[in-house]
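Trainee: Just so you know, the protein sequences line up as chains A and B, in that order. Note that my numbering numbers the first sequence so that position 88 is 88, with each residue one more than the last. Note that my numbering numbers the second sequence so that position 53 is 53, with each residue one more than the last.
All clues given are correct.
Lysine-lysine pairs mimicking BS3-like chemistry, simulated, CA-CA at most 25 Å apart:
id: 1; chain 1: B; residue 1: Lys358; chain 2: A; residue 2: Lys181
id: 2; chain 1: B; residue 1: Lys275; chain 2: A; residue 2: Lys150
id: 3; chain 1: A; residue 1: Lys93; chain 2: B; residue 2: Lys275
id: 4; chain 1: A; residue 1: Lys150; chain 2: B; residue 2: Lys358
Hints listed in this document are in silico derivations from the structure and should not be mistaken for laboratory results.
Residues per chain are reported as follows:
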Amino acid sequence: MVRINGFCDTLKMVDKIFSLFFHQKGRKVSDTDQPETTRRDFLYIATGAFAAGSAFAVWPLIDQMNPDASVLALSSVEVDLTPVEVGQSMTIKWRGSPIFVRRRTAEEIKQAVDVPLEDLPDPEPDSARAAKPEWLIMVGICTHLGCIPKGQSIGDERGDYGGWFCPCHGSHYDTAGRIRKGPAPLNLVIPPIAYLEETKIKIG
Amino acid sequence: MSGHSTYQPTNAVAKWFEARLPILGLVHETMVFPTPKNLNYWWTFGGILATFLVLQIITGIILAMHYTPDTGLAFESVEKIMRDVNYGWLLRYAHANGASMFFLAVYIHIFRGLYYGSYKAPRELVWIIGLVIYVAMMATAFMGYLLPWGQMSFWGATVITNFFSAFPIVGDPIVEWLRGGFVVDNPTLVRFFSLHYLLPFILVGLVAMHIWSFHVVGNNNPTGVEVKSVKADTVSFHPYYTIKDSFAIVVFMILYFYLVFYAPNLLGEADNYIKANPLVTPAEIVPEWYFLPFYAILRAVPDKLGGVLLMFASIGVLFLLPWLDTSKVRSATFRPWFRQFFFIFLAVSLGLGYLGGKPAEGGYVLASRILTAYYFAHFLIILPLVGLFETPKKLPESIAKSVLDKQGDSSGDGMVEEKA
Ligand code: HEM
Ligand code: FES
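Please work from the sequences and hints to get the whole structure.
Mentor: The following block contains the structure:
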């Protein structure tokens, strides 16, 4: 067998690793019982390197499907809350998703605060959901399979807990947007919110 | 279809061509393929399926000449196809109902395989490639359904892409990757159009492999007994089965054109004539009828991940079928117990389809749970056990013998009118 000089040391090391995985018939074994580096080893390494290179080349083909720069650029919006009266709701769009803004009544807040955490499938105190208790701001997408729950408009069905109700497969959310009953596993998501002024927020 | 071609080109051009690219020989071999002489009409659905694949490709390519994959224009372009394009209404109704007929045919074809044990050795690969075709068909139809950009299109795609969000950690990134955004939007529409155009051609390749694979092992037949003598047990595919298949295709087309011309929206959803609105979910989301059994299984489970896994498993288990059925006898005609269980299973599957179209509440959920449990029990418990404990009836010595015996007492073709 011809030796491939120059690469020898590296090859020998890699070869040792390879030899753990491949048993080669008829390969030469030197006196010291060290397997010799052969053309075949070189082929293995070349193949391996080629495979690794191809894997890198495939990445752009996969990554192009991820949200692009223009989609990500819409990642934050500013919202003026002043038009919303107590007991009213507003729906705005953020990253293409509806955001539920609800100015809760004192009674709704009390209902949400009074629930013992043990009763919740996804336990979260009301304070963790609304920095200012009056304003509940959530992503209006059911955490089950993505429908938009009812409860934003007057006359909507609100479910058994007076908050939101997803008609798709029957998920009930309470007045803090927490899941109470139905197939949805989690509470409605709270987006990143920053208060810019008393009644002005930035989402995202 | 092994060995050398028996094709002998007679004219000079064919000879010249055949010596360079033996494609005529390939066609010839396919046409004279020795086919069991006792195939009944349940065997014509393969030909019907091939016909519909071609029809979908033709109508689809034409629709694509008038369709615009852009959220601002898609819905309008489909309405333009319906109102302005010459015969556009015909092409669109032919395509939309063609998808339904395609699925009707594939379900009959699959249940034919289940009844006659066509999935058993040596046809495991025929069965598995068939299932891959079925999965690819589902993907194609699902992506096609987004294209008209109606309310059901949008919300169907939202719910189905969301299935993947059930998986921990990798779930959400996968959903965003599939959609190309945080919600179903323009990037989703355009990629679905691209893939909807591509997949049918992949299907053509898969169908070729499907046919190739059963040309290696030979067709199954209603007795499930292998061909023993090519001369006694088989006839040439052409003209015997080309004629039989053509007749069945014509009959099936009557139903198809009845839908296209007289009830084009029977199987559709009225909500899909409302343009997609990402801020309002329709009161009830129902998938196309051919997905309903799986939808029922999904909703039978109160847990999100559990529902999604079970739904995928309901198709996955079909891939294991050749190894779950422990009986060596293929045809249900000779398996008295299995035959009963087959019909129960058929009823359960139809029942799941019915329940998938009902709201997920009260008794419907309970019924879905029972039928879902039975669906899995059929494959994982009943089939392995029945094969061990059942005493099959005596098999005919050969296909030829069974045909001659039948002619003696003039009964029909096995599946419906078989003797007690
Ligand atoms: C396996 C074969 C195919 C199946 C099962 C299939 C299925 C579907 C379905 C279910 C729809 C929605 C119909 C509706 O409700 O409006 C659709 C739409 C569409 N398909 Fe296909 N399709 C197939 C092949 C193709 C091919 C090869 C093309 C070629 C580009 C194509 C192009 C289109 C277009 C442009 C639309 C949108 C227009 C419309 O909504 O009618 N399809 N397809
Ligand atoms: S999507 Fe809301 S309950 Fe399923």
